[in-house]
Amino acid sequence: METDLLIRLILLLPLAGAVVNGIAPLFLAQFRTRETLIGTIGTTVVAVPFLLTLYLFVTYGGDPVVADFYTWMAAGDLDLSFAYRVDELSLIMTMVVTGVGGIIHVYSIGYMHGDEGYWRFFAYLNLFIFAMLNLVLANNLPVLFLGWEGVGLCSYLLIGFWYTDLSNSSAANKAFIVNRIGDFAFLVAMFMIFQELGSLSFDVLLTQGPELSVDSLNWIVFLLFIGATGKSAQIPLFVWLPDAMAGPTPVSALIHAATMVTSGLYLLARLSAVVLSAPVVMAIIAIVGAATALMAATIAIAQNDIKRVLAYSTVSQLGYMFMAAGVGAFFVSIFHVVTHAFFKACLFLGSGSVIHGMEEVEHSLEHEGHDVEDFDPQDMRTMGGLKEYMPATSTTYLLATLAISGLPLTAGFFSKDEILFKAFEFGYAGHGYAWAVWAVGIFTALLTAFYMMRSYMLTFEGEPRWAAPDRHEPHESPSSMTIPLWTLGILSLVGGFIGLPAVIKGGKWNWIHHYLGAEYGGPVAEASLHGHVPLALEWGLIGLSSLIAIGTLYYAWSVYSSYGLEYDAFLANRFGGLYQAWKDTYYWDEFYNSVVVDTLIDGIGRKAFAAFDTNVIDGAVNGVARLAQRASGGLRLVQTGIVQNYALGLVLGVALVIGIMLFGV
Amino acid sequence: MDIPYLTSLVIFLPTLGALLTLFLREASSIRWTALVTTTLTFVLSIGLFVGYDPSVSTAIAPQLADVSSAWFPDTLDIKYFVGVDGLSLLLIMLTTLLGPIVVLSSWTYITEKQKGYYALLLLLQTGITGVFTSFDLFLFYIFFELTLIPMYFIIGIWGGKNRIYAAVKFVIYTLVGSLLMLVAILFLGYEAGAAVNNGVFTTDWYKLLEYNIPIATQSWLFALFAFSFAIKVPLFPLHTWLPDAHVQAPTGGSVILAGVLLKMGTYGLLRFCLPFFPNAAQSGALLIGILAVIGIIYGALIARVQDDAKSLVAYSSVSHLGFVVLGLFAFTTEAMQGAVIQMVNHGLSTGALFLLVGMLYERRHTRLMDDYGGLAASVPVLTTLMVFSVLASAGMPGLNGFVGEFMILLGSFKSTVLDSTALVVFATTGVILAAVYLLHMVYRTFFGELDDEANADMADVNGRELLLMAPLVVLMFVMGFFPNPFLRQTEPTTEFLLEKIEEKRTAALEQAEPSEETAQLPAAPPEVEEVTIEVDKLELER
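Residue numbers (the numbering used here), protein chains in the order written: chain A, 1 to 665; chain B, 1 to 542.
Don't take each hint at face value.
What the hints assert, rightly or not - Have a look at the derived ranges for each label pair, beta carbon to beta carbon: (1) 652/A to 503/B: 34 to 42 Å; (2) 459/B to 363/A: 29 to 37 Å; (3) 44/B to 68/A: 52 to 60 Å; (4) 479/A to 381/B: 46 to 54 Å; (5) 503/B to 662/A: 55 to 63 Å; (6) 482/B to 588/A: 38 to 46 Å; (7) 166/A to 459/B: 18 to 26 Å; (8) 453/B to 588/A: 50 to 58 Å; (9) 660/A to 70/B: 41 to 49 Å; (10) 168/B to 663/A: 41 to 49 Å.
Worth flagging that the hints you see were computed from the coordinates, not collected in a lab. For glycine and all other residues, C-beta sits at the position ideal for the given N, C-alpha and C.
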């Protein structure tokens with residue numbers, strides 16, 4: 001089949017799904033409850049593109065294919081097309097998006113069962129896939145930006161999906177606006193690129209971009225990175241992601257863990273040749289990534305909402321990916337994008353299954369007349385012992401936990417270890433800051449294993465902590481939900497074998513490196529290093545991280561199985577104010593509230609500008625009007641209507657004129 | 001099919017309809033007459049769109065032109081001279097499209113003195129179409145003033161509580177500006193007549209275009225013209241009539257006001273100020289650009305703190321029009337094309353926003369956002385339409401608003417006339433702020449719990465309302481994904497205008513100081529740019 005046609009189908013099928021699922025039920029209420037139909041359409045339009053992508057992947061010949069559909073806008077030097085590009089990088093991303101996306105669509109069929117907005121949910125989810133595919137397949141920055149903003153829109157719609165609760169809608173607004181701050185930087189970067197190169201296409205940017213002046217390059221890459229911190233939730237723009245958990249759980253898995261939030265990394269990998277030419281900004285990227293990873297991991301330790309733990313964990317893992325990008329190992333960040341998509345989607349979907357179970361408990365309690373006002377089905381403090389009731393959920397959750405913690409041979413082990421090794425190698429080759437990044441990475445790995453094991457232990461092990469568990473039992477989710485869990489759980493175990501480390505066969509078995517790497521003809525460039533880390537040291541590093549993972553997992557398992565929640569109290573005691581800061585997420589929200597809401601909107605908007613508008617500007621306008629009124633009021637006195645007065649005026653006037661003529665004044 | 005006098009027909013058919021309504025008694029037949037007339041006008045105007053051929057140059061005369069010099073004696077070269085070029089085409093289409101939409105939106109909204117309302121509405125349309133088609137400055141002025149009177153009555157009679165204040169403010173504000181412009185027109189007509197028309201006073205646009213005005217004269221003529229148009233746009237700080245007029249006007253009035261009336265200001269800047277006074281316009285570009293950007297940010301932040309949904313949308317116009325003005329004064333093809341398309345886009349999306357707010361008002365008789373909340377549950381279709389229009393207005397790529405904003409900012413960033421990166425960066429923050437205030441409106445009005453019974457029982461959009469929104473929704477989408485067919489129609493005229501501006505600018509400089517001519521011209525940059533373009537093309541071909 002023609003590649004052009006395939007790309008068209010891959011892109012347009014999800015859009016068609018969104019239109020059908022969105023429009024028909026909106027106008028015809030009887031379609032809103034046709035769950036099977038809606039769910040089937042919604043899933044098919046993602047599954048078919050996955051199969052088509054698989055076909056493209058298998059038949060891919062090694063040369064990028066560009067499909068240029070039509071001109072979007074043109075004026076002067078600007079000549080923008082809806083152009084798409086199939087190469088190794090976009091193929092991998094498309095497979096993740098449609099593959100993991102398809103699995104999550106299947107899961108949603110069961111998860112959203114009975115929801116009034118079932119149709120809307122699938123329409124938004126399909127629209128999301130369309131936007132995300134635009135993002136990863138685009139061949140120029142504006143089409144990428146179309147997808148970039150499009151996924152942001154879908155994220156907004158889905159976070160605020162249950163709109164009757166205003167807090168959900170305000171989380172949605174927050175996500176959209178914070179993302180827009182990043183998008184603002186993205187836009188300015190595009191303007192700069194256009195000014196410098198007269199084009200926004202990747203072909204021009206990647207060939208001519210690296211030759212620009214260092215100053216321009218630094219600015220361009222820095223602005224694009226700011227854009228990436230918005231979408232990929234890094235300091236200082238990460239604050240929207242934890243709140244985004246207000247959306248339905250499949251959304252958290254798909255958008256806020258597996259795909260959308262990784263688009264910042266995709267952007268950097270796509271433009272790797274340009275990013276590498278701005279070493280100063282690379283240092284910033286690595287340091288911001290490391291700081292975010294550490295910060296989010298500490299916060300995750302002190303959270304009790306199961307989805308919040310996972311949200312901060314996502315922020316932290318994204319930080320790892322930025323560390324990789326910052327040390328010039330873009331293919332490794334994509335590697336981690338892939339493995340993270342597996343285990344984090346599995347964790348989120350598992351948490352969704354748990355929440356379903358706990359809601360069952362809640363309803364049962366309510367039925368028996370208990371007060372469930374304070375019952376939170378996402379609070380791990382009321383869970384415990386769920387392993388008994390939900391064996392599939394608990395096993396898959398454990399598998400994904402082990403993977404994210406970096407237990408040797410799991411998916412997370414290979415990708416995270418590669419990141420740490422690349423950071424180490426970069427430092428070894430003479431970039432001082434990379435040592436610090438590496439050290440932070442190692443320490444964060446320890447924290448990761450700890451908080452993830454904690455979340456598993458508190459949720460699934462020990463004794464149930466809700467009232468009368470013998471009468472209020474949760475049940476395992478239906479197979480439409482557990483099959484996706486098992487699929488992702490198994491991928492979390494074996495997915496790492498696509499990138500075996502250099503110690504094995506000298507790196508020859510590192511498939512993803514060979515597939516993506518520019519030195520093997522792929523699209524992703526990497527930093528060239530002088531001086532290689534000795535083999536023995538490399539083995540030592542692997543040993544170290546294995547030791548940390550296994551040791552911490554064991555430690556967390558033992559303390560939480562013996563002390564349970566008491567160990568949290570112990571930690572709070574031990575770390576005091578620091579623990580409180582973790583719990584309160586380092587007060588970022590308070591900071592933004594005072595800057596944005598209090599200063600910008602209330603201060604500048606209301607107290608300064610709006611007041612200035614009514615009092616000063618409009619005051620002046622009305623003042624002039626009053627002045628005119630008063631002046632004419634004065635002149636009105638002249639118009640007495642008494643003819644003698646007018647005659648007198650006439651005579652005086654004539655006298656004046658004659659006087660002037662006579663004396664020639 | 002060739003219809004004779006098509007342009008004039010499009011202008012005056014509504015007047016004919018207005019006259020017809022005067023003889024009708026029944027309200028429903030008046031409404032139908034108005035609807036049929038405006039619809040017919042729109043259909044005819046499609047003939048303009050189809051008949052206009054962008055490959056035919058408009059450098060010497062507009063296309064589809066109607067000329068008659070029977071109006072004034074030979075001692076004055078004032079003509080009835082109308083036609084179409086790339087600058088006016090899309091705005092004419094927008095005006096004729098909004099015609100039937102506005103009539104439909106007033107169908108049940110206007111219940112009193114319907115005859116007067118629809119007659120004035122139709123008259124107003126003639127005035128606006130006339131403004132966009134005139135190629136005689138004097139004729140332009142007449143149409144420009146003609147729009148004032150119907151709008152004054154529409155606000156003053158069918159408006160809200162504070163309608164008289166708003167109507168008077170609107171008229172006085174605009175009149176002050178346009179009287180100053182009249183003085184400038186008379187002066188310009190005599191000067192140009194002496195220079196290029198054998199001493200005969202002229203207001204022919206093409207003759208005025210040929211006249212190279214000395215730099216010293218340019219600056220004050222430019223100031224008078226620009227002042228008048230800046231009030232109309234409105235440019236900060238001349239904008240305070242706008243929120244009053246918008247909030248008080250009936251829905252139909254607001255739609256016309258935001259949709260096309262404001263564009264008379266930006267159109268006037270583009271049609272007259274830039275090409276007639278290029279040196280003055282370029283020296284003033286940065287100052288006007290700064291005012292435009294202040295307007296973008298200032299308007300947006302004030303919009304955010306409004307309690308009245310309509311006033312929020314009104315302030316959003318101040319913000320959005322700032323982009324258009326910035327684009328005009330960048331003097332690059334990208335930005336100017338962006339400005340032309342953005343005028344249309346703003347008309348579509350802001351028109352839609354006003355229509356939707358009007359629908360809410362018609363149902364609940366309040367515009368305060370606090371009186372609403374949770375409407376998404378009771379009126380899902382209206383909510384969907386609103387969210388769609390909000391996204392278009394906030395510049396979501398794939399919808400119309402993005403195209404104009406993007407091209408304007410892209411073109412302004414590289415502008416050597418503005419030559420201010422910081423200015424464009426500040427303008428770009430408007431993208432964030434638009435999301436801030438528009439989403440806030442959606443949040444307060446449509447989301448949350450339905451705790452008011454009046455809101456819970458609210459009826460969703462009916463067939464008529466759906467019908468009037470449909471063309472706008474379709475166009476917002478079409479102009480977002482397929483703007484190029486429209487851009488292609490306008491580009492030749494924009495290019496011609498920019499070339500003319502550059503030619504006149506250098507000529508005026510030469511006149512002033514012929515010796516320094518070479519030193520003043522930035523000769524090197526254009527060449528460098530050309531080289532890069534060629535490289536791009538080669539890259540693409542490969």
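Residue 70/B and residue 660/A - C-beta distance against the hinted 41 to 49 Å
With a Cβ separation near 45 Å, residue 660/A and residue 70/B satisfy 41 to 49 Å, so the hint holds.
Between residue 453/B and residue 588/A, does the beta-carbon spacing fit 50 to 58 Å?
violated, 40 Å
Lying within 29 to 37 Å: is that true of the beta-carbon distance residue 459/B to residue 363/A?
holds, 34 Å
Per the hint of 52 to 60 Å, is the separation of the Cβ atoms of residue 44/B and residue 68/A within bounds?
violated, 37 Å
Cβ distance range 34 to 42 Å for residue 652/A and residue 503/B, holds or violated:
This hint is violated: roughly 58 Å between Cβ atoms.
Indicate whether the distance between the beta carbons of residue 503/B and residue 662/A respects the range 55 to 63 Å.
Holds, at about 57 Å.
Measuring from beta carbon to beta carbon, are residue 482/B and residue 588/A in 38 to 46 Å?
About 42 Å separates the Cβ atoms of residue 482/B and residue 588/A, which means 38 to 46 Å holds.
When you take the CB atoms of residue 166/A and residue 459/B, is the distance between them in 18 to 26 Å?
With a Cβ separation near 24 Å, residue 166/A and residue 459/B satisfy 18 to 26 Å, so the hint holds.
Is 46 to 54 Å right for how far apart the beta carbons of residue 479/A and residue 381/B are?
Given a distance of about 37 Å, which is not inside 46 to 54 Å, the answer is violated.
Hint check for residue 663/A and residue 168/B - Cβ pair distance inside 41 to 49 Å:
holds, 46 Å
Violated hints, in rising order: 1, 3, 4 and 8; the structure is consistent with all others.
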